[in-house]
Amino acid sequence: MSDLEQFKTEIRSWLEENCPPEMRKPVRGDEDMCWGGRNFEFQSEAQKLWLERCAAKGYTVPDWPKEYGGAGMSPAETKIFRREMAKLGCRSPLSSFGIWMLGPALLKFGTEEQKVHYLNQIARGEIRWCQGYSEPGSGSDLVSLQTFGEEVSDPVGGDHWVVNGQKVWTSYADKADWIFCLVRTDKEDKYRGISFLLFDMETPGVSTKPIKLISGSSPFCETFFDDVKVPKDQIVGELNRGWDVAKYLLGHEREMISGGGLGDGSPSLGAKMTGAIGLNGLGMLDDQILRSELAQFDVDALAFRAMAEKFMDEMKAGKSHPAQPNMMKYAGTELNKQRHELVMSAGGSDALEWESEASRGGKKPREWLRTKANSIEGGTSEIMLNVISKRILELPDG
Amino acid sequence: MPLFLDDDQSMLQDSAREFMKAEGSVSHFREFRDKNCKDGFSHGLWKQFAEMGFTGILVSEDDGGLGLGHVEAGVVLEQIGRNLTPSPFLTTAVAGVAALSHADAELKGQYLPGILSGDTVLGLAIDEKSKHRPDQIAMTAERSGNGFKLTGRKQFVIHGASADMLIVAARTSGSTGDADGLTLFAVPKDAANMDVNPVRLVDSAVAAHVKFDGVEVNADSVIGEVDQGGEVLGALLTAGRIGSASEMVGVGGGAMDITVDYLKERKQFGSPIGSFQALQHRAAHLYSEMEIAGAAVLKAGQLLDAGADNAALYVHVAKAKASKAANLAVREGVQMHGGVGMTDEYDIGLYMKRDRALSEFLGDANYHTNKVAELHGY
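Protein chains in written order, with this note's numbering: chain A, 600 to 997; chain B, 128 to 505.
Think of the hints as simulated: they come from the structure by calculation, not from any bench. Just so you know, not all the hints are guaranteed correct.
Not the full set, but computed from the structure, chain A residues with beta-carbon under 8 Å of chain B [said to hold, decoys possible]:
1. Ala870
2. Leu884
3. Ala894
4. Asp897
5. Lys909
6. Ala916
7. Ala930
8. Asn985
9. Ile987
10. Ser988
11. Ile991
12. Pro995
13. Gly997
Lysine to aspartate or glutamate pairs mimicking EDC-like chemistry, simulated, CA-CA at most 20 Å apart [as the list claims (entries may be wrong)]:
14. B:Lys498 / A:Asp886
15. A:Lys665 / A:Glu676
16. A:Lys989 / B:Asp388
17. A:Lys808 / A:Asp825
18. A:Lys918 / B:Asp133
19. A:Lys989 / B:Glu392
20. A:Lys918 / B:Asp135
21. A:Lys624 / A:Asp863
22. A:Lys918 / B:Asp134
23. A:Lys811 / A:Glu954
24. A:Lys915 / B:Asp133
25. A:Lys915 / B:Asp134
26. A:Lys707 / A:Asp832
27. B:Lys394 / A:Glu993
28. B:Lys258 / B:Asp491
29. A:Lys918 / A:Glu908
30. B:Lys498 / A:Asp885
31. A:Lys989 / B:Asp384
32. A:Lys686 / B:Asp436
33. B:Lys391 / A:Glu993
34. A:Lys607 / A:Glu908
35. B:Lys391 / A:Asp996
36. B:Lys498 / A:Glu892
37. A:Lys607 / A:Asp912
38. A:Lys918 / B:Asp141
39. A:Lys871 / A:Glu966
40. B:Lys174 / B:Glu150
Cβ coordinates follow ideal geometry from the N, Cα and C atoms, glycine included.
Construct the complete structure from the given sequences, taking the supplied hints into account.
Right under this line is the structure:
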């Protein structure tokens, strides 16, 4: 048996022994996932147990180094680990912006002290993070952001910044413990005047206000900073060079959002719609036009799944174009929006129900509406296309 | 196995890229087209393919080949696609060899050495109507003496008039639509009562309509087992489909690259037209589609070479997606070239013609998309 086969056997038996049966059922939505953090209330004992067992082995972040809370798996091992998880239907033990976004940025730009301190907390699910990027006047043109951090030297309390301003579309700001935040520290230089700061959401002067969306839920907030004091050692990367960190992190955010293109991992949307539409005497979906649209969608979705695998493999081997996450984000989010259009179409009037028990509180229409944000958040599809044309195709500036 | 080319495959890609660029470029294609060559390809170049080892990629080591897989064949085909290289590689060394791998030693001995040396060309006589419907094969092969008598018509037999042998799918029992009862035959070019009528296609390839009017073949010409041709045909179709999908990734990629170059060169309103966002976004969308198609094709090749259960599904996905993406590439290519895209002088139109023919070969995007639905039970 090769080392990897041995590894696969070990992972399989560990998962079978340690993943509680309740954690092998599909998650029903954001509220059903384990987000961790100081104020997180576990939905079940099984959820808590699953997180603790995984964290103890480094399995919440299998490919991070062991000293930062990971399991130190190689790319090939990580791929096997994720496949075995998927085969058994194991839920992710921890969903976290710390894992998906901040972690990779800290691994690249953080000091050794920061890595040991923050990454271990992230891996154990102790701190829940939110992202302070967009502002009311700075959406697609993110680099125009105005939230300002004034340097204050303080021999007694320690040197710090005093941060004032407002962020918007801060996901789960009302539930997060800490924020990673882009703050202008030099008003003269647009790109080289931004710093990447970390601070506690309980710091005096921080307040949040949820934004109600068309889906009825409020995953996003407005976040206000009023004379918020941030100690000098809570900067990632160099002063005024936060844009480099921000862009790197955006790559990971885009990659994360593109994952929506993979759906729930089932091989065929068309097959799932047979219940709602019914089959005709020839065993075909009883709506020829929809059947054709679903089949074309399945082709696109399966092809995208191959792309996602190729992208991950190339990235881990250092063969991927640095701007490729933008392509993944564009394709994945457009695909996910299309998926939910088809689900709504197949669902007919049942899929319009917003509050009934049969519709599980309007799951379909709410998810459908939620996906419309996929091609806006983390950089719009149009921005992705701009980046692809400039950085990959190297088309000239206008 | 990671989903990208390994070191050996990358080396093969480098040598195929250099070879096609030097020996089988678009100007080579134009030369053969313009002299109205009856075969539509160069026999000299076919010999060079053999010298490079390309023709033995799918031939097993026991049979004197390299014993490599569909990924490697695809690597060569992608470069063929990029350069519009005219050659019998897809029909002969890919689909034909896949069928012959099921043949007995005698038949293999008759044809494989010629393929390995670049002397032999095969034609695939599968389609009987204008659309690819391999489950509706109506041509018959009746037992006659020590062999069979073939009666029926085939069309879209690429290189049919220059082929040394045609692989012919015919029904030996049962009725049209049955899964069993098909048999594949190796019919030599000089067989009596066979009327081969070559036709030039839109992409300048030459395909034949072939009429079989009681063509007698002996029992030794059966590839595999009588009545059990479904498996042999399946191997031929699978190889031809993943192969043509790989070639389309090359055609689409080549069309995209010359178009992006043109966007950087061509100036209007005082600026390169590639600086206009309306065109940038369309080019970026095309890039995304081509990348995804390339990944799907590579995935299908890897699954096939590993003998995975879902390989059949991914071959349909690959052919459907590659057809759609390459089609987008050539349509956007001609449009973004503007007026010159309509001229014979510019290459983009040649890519459009080649894409159209490859799309149709062994099932178009609709055919394969429908198969994806069928395999998923809807």
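How the hints compare with the structure:
no. : hint                : result
1   : Ala870              : holds, 4 Å
2   : Leu884              : holds, 5 Å
3   : Ala894              : holds, 4 Å
4   : Asp897              : holds, 5 Å
5   : Lys909              : holds, 4 Å
6   : Ala916              : holds, 6 Å
7   : Ala930              : holds, 5 Å
8   : Asn985              : holds, 7 Å
9   : Ile987              : holds, 4 Å
10  : Ser988              : holds, 4 Å
11  : Ile991              : holds, 6 Å
12  : Pro995              : holds, 4 Å
13  : Gly997              : holds, 4 Å
14  : B:Lys498 / A:Asp886 : holds, 17 Å
15  : A:Lys665 / A:Glu676 : holds, 14 Å
16  : A:Lys989 / B:Asp388 : holds, 13 Å
17  : A:Lys808 / A:Asp825 : holds, 14 Å
18  : A:Lys918 / B:Asp133 : holds, 12 Å
19  : A:Lys989 / B:Glu392 : holds, 15 Å
20  : A:Lys918 / B:Asp135 : holds, 16 Å
21  : A:Lys624 / A:Asp863 : holds, 12 Å
22  : A:Lys918 / B:Asp134 : holds, 13 Å
23  : A:Lys811 / A:Glu954 : holds, 17 Å
24  : A:Lys915 / B:Asp133 : holds, 14 Å
25  : A:Lys915 / B:Asp134 : holds, 16 Å
26  : A:Lys707 / A:Asp832 : holds, 17 Å
27  : B:Lys394 / A:Glu993 : holds, 16 Å
28  : B:Lys258 / B:Asp491 : holds, 8 Å
29  : A:Lys918 / A:Glu908 : holds, 13 Å
30  : B:Lys498 / A:Asp885 : holds, 17 Å
31  : A:Lys989 / B:Asp384 : holds, 15 Å
32  : A:Lys686 / B:Asp436 : holds, 15 Å
33  : B:Lys391 / A:Glu993 : holds, 9 Å
34  : A:Lys607 / A:Glu908 : holds, 18 Å
35  : B:Lys391 / A:Asp996 : holds, 10 Å
36  : B:Lys498 / A:Glu892 : holds, 13 Å
37  : A:Lys607 / A:Asp912 : holds, 18 Å
38  : A:Lys918 / B:Asp141 : holds, 16 Å
39  : A:Lys871 / A:Glu966 : holds, 16 Å
40  : B:Lys174 / B:Glu150 : holds, 12 Å
Against the hints set out earlier in the document, no violation occurs for any number.
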